[in-house]
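**Q** Listed below, chain by chain, are the residues.
2 protein chains.
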Amino acid sequence: MEDEFAWLDRVSPRRFFQPNVTEGIGDDAAIYQTSPKFEDILCVDTLVEGIHFARETMLPTDIGYKALAVNISDVAAMGGSPLYYIVSAAVPATWTEDDLIMIYRGMRELGDSYEMDLLGGDTVSTDGPLVLSVTVVGRTEKGKYLTRRDAEAGDVLVITGPLGGSAAGLHLLWNQGELDFEDEANRTLLQYHQRPDPQVIAGRMFAHETSRAAVNDISDGLASEAWEIAEASEVSLHIDQDVLPLAAKWHPQFSDEQALQHALFGGEDFQLLAALPADEWPALEKQLQTEGIPALKIGTVQAGDPAVTLHAEGEQVPLLKKGYNHFSAENQRKGSE
Amino acid sequence: MEDEFAWLDRVSPRRFFQPNVTEGIGDDAAIYQTSPKFEDILCVDTLVEGIHFARETMLPTDIGYKALAVNISDVAAMGGSPLYYIVSAAVPATWTEDDLIMIYRGMRELGDSYEMDLLGGDTVSTDGPLVLSVTVVGRTEKGKYLTRRDAEAGDVLVITGPLGGSAAGLHLLWNQGELDFEDEANRTLLQYHQRPDPQVIAGRMFAHETSRAAVNDISDGLASEAWEIAEASEVSLHIDQDVLPLAAKWHPQFSDEQALQHALFGGEDFQLLAALPADEWPALEKQLQTEGIPALKIGTVQAGDPAVTLHAEGEQVPLLKKGYNHFSAENQRKGSE
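Chains as they are written, first to last, in the UniProt record's numbering: chain E, 1 to 337; chain C, 1 to 337.
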């Protein structure tokens, strides 16, 4: 199947019936106005057993936690606060009711921390793998939401935290024969994979403490998400490889090159990538640090045809889009290169 | 697995973080206030290939149509207007991109008729059956939504149209060896199954043209839905068997008894069942008829412990809850008795 974006594009309406729709299909989430002051944010993400997660590498609570986290991350990337969630679960007989309760408990652990309310769901049987689909409704102040298309030449390019941790953690889990779960370096990487931390506070700051920002969450890898901003904003992004915060850089099991590959293409990191005016960055950086968010400038935005370029050791190479393929055979192979 | 309601009840929060939540888990949909004048309605329903539909009995366009219809029906049962939908599809390799486009086309056919906008979705791969999950957002004027708990002794019990048509249509489809698709009686029943008509206009009238109404949509059969109103409202419902509008009554392939069983237990009819003040019924009945809605009084509400009683030929029998089990072996057996 062609990639989701192209596919949805073919069924997307060009015009909307409802005058309150502000953003339809195409960004991290949809936006519609609900009152003179607020707009609601709507998104859905689906995790399939064997494709997006495996029982061997994720506890039921982790699965629930992550299924909600990926949606909260979409709300964060739009600059909103998450409010409500509803859950659709197609459940095979191999999953017990206790498993399901643990999945919901994992969701609730994360949801409670954002004061989100579970508002409903539909639980049905299936002969296939577990399919867990979560819908999240968020909210933002009118006009204060973030798209991908607002990057401009001269902007700085910023990332909210380490990259590649999820892919590295998954690699460890698939090769856990000798894995020491007490080792802190291991645990940090596993945490990135099993319990990703959506960047809601950073998203709110990008929306409210800048005059303008283009933002994506890193669900499909830095390269892919940078390309989305470049294409939507019609600019050229330049990333400085040497300053990229590589989650697996100091871990003995990964070479620098592996840590870099995970960061560029691994995906599921759920950091935010933002382009914003250079003169607003110093003050914002301080604010983010005050909140404990280790945001870093990793590059710049320049005029030019949509492109993403990686700069390293005086050279520059075009960065391919090459997205994340979950833990397909190809990806596991890549992980163990 | 225990039934969905009991199961969700175990994970449902007792209190809400968000002050704007009006209705959480437990009715046809959730409600939260979005502005001083309006409340939004949120619901999700999931169809699984082999459980809720089969390629042998439903075209891809029908599947899409129905996946959206079941959600619009939930919005109708709350008295709202449907506005937006997003779609999650877990798609096996046996379904082509053209199939998917037809599914979306079926959704759009129905969605367009309500001026609903498709706002997004997530399409993922699966090794299992097709799982199609649709989330709908609707809206209602503040305080003007319908729950199950507002029935009172003295009310009339009303249904918006024929019952049992979906189950009868499915029965025909599973025995289609000799089925004449040109025959209008057949086509009517197939339509009930493949392209159910959500009762949005009726729901709006129940919400706006009565002083109070308890409403459910008939997704799980009249018996099951009547019980939900009886229990939520703590009243006793009395249904007059002789006036029930049986969709399959005049169809040569079904006995009167079969037509009745389909009406009581078949499910997926997506009519609305409403309890409302008796003195308001005559005027409302005329208004509904003006809109072409063949609503009928089928019984009364009386004081007493929660119960549903069927009256026929001077006798009365308790009506069991016995819900709909989709087209499980048991259900097909029942259909061909």
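Wrong hints could be hidden among the right ones.
In this list, chains with the same sequence are indistinguishable; a pair is considered to hold if it fits within one copy or across any two.
Stated by the list, open to error - Dumping the calculated DSSO-like pairs for lysine-lysine here, alpha-carbon to alpha-carbon at most 27 Å:
#  : residue 1 : residue 2
1  : K37       : K322
2  : K142      : K322
3  : K322      : K144
4  : K249      : K37
5  : K144      : K249
6  : K322      : K297
7  : K142      : K37
8  : K321      : K37
9  : K322      : K286
10 : K37       : K297
11 : K37       : K144
12 : K249      : K142
13 : K321      : K142
14 : K286      : K321
Just so you know, the hints here were simulated from the structure itself, not pulled from any lab data. Quick caveat: nothing in here was measured; it's all calculated off a predicted structure.
**Q** Next, verify each hint and record whether it holds.
**A** So, going through the hints one by one against the coordinates:
When the C-alpha separation of K37 and K322 is checked against a cutoff of 27 Å, the pair qualifies neither within a copy, at 39 Å, nor between copies, at 47 Å. When the C-alpha separation of K142 and K322 is checked against a cutoff of 27 Å, the pair qualifies neither within a copy, at 35 Å, nor between copies, at 48 Å. Taking the shortest Cα distances, K322 and K144 never come within 27 Å of each other, neither inside one copy (31 Å) nor across copies (50 Å). In the homo-oligomer, the alpha carbons of K249 and K37 never lie at most 27 Å apart, since the shortest distance is 45 Å inside one protomer and 54 Å across protomers.
Proximity of K144 and K249 under a CA criterion of 27 Å is satisfied in neither setting, with 36 Å inside one chain copy and 57 Å between copies. Taking the shortest alpha-carbon separations for K322 and K297, only the intra-copy value of 23 Å comes in at or below 27 Å, while the best inter-copy value is 62 Å. Taking CA atoms no more than 27 Å apart as the test, K142 paired with K37 passes in both settings, with 5 Å inside one copy and 17 Å between copies. Proximity of K321 to K37 under the C-alpha cut-off of 27 Å is found in neither arrangement, the shortest distances being 37 Å within a copy and 46 Å between copies.
In this homomeric assembly, K322 and K286 never come within 27 Å of each other (Cα to Cα): the closest approach is 33 Å inside a single copy and 62 Å across copies. Proximity of K37 and K297 under a CA criterion of 27 Å is satisfied in neither setting, with 32 Å inside one chain copy and 44 Å between copies. Taking the shortest alpha-carbon separations for K37 and K144, both the intra-copy value of 10 Å and the inter-copy value of 22 Å come in at or below 27 Å. Within a single copy, K249 and K142 get their C-alpha atoms no closer than 41 Å, and across copies no closer than 54 Å, so neither meets the 27 Å cut-off.
Proximity of K321 to K142 under the C-alpha cut-off of 27 Å is found in neither arrangement, the shortest distances being 33 Å within a copy and 47 Å between copies. When the C-alpha separation of K286 and K321 is checked against a cutoff of 27 Å, the pair qualifies neither within a copy, at 31 Å, nor between copies, at 62 Å.
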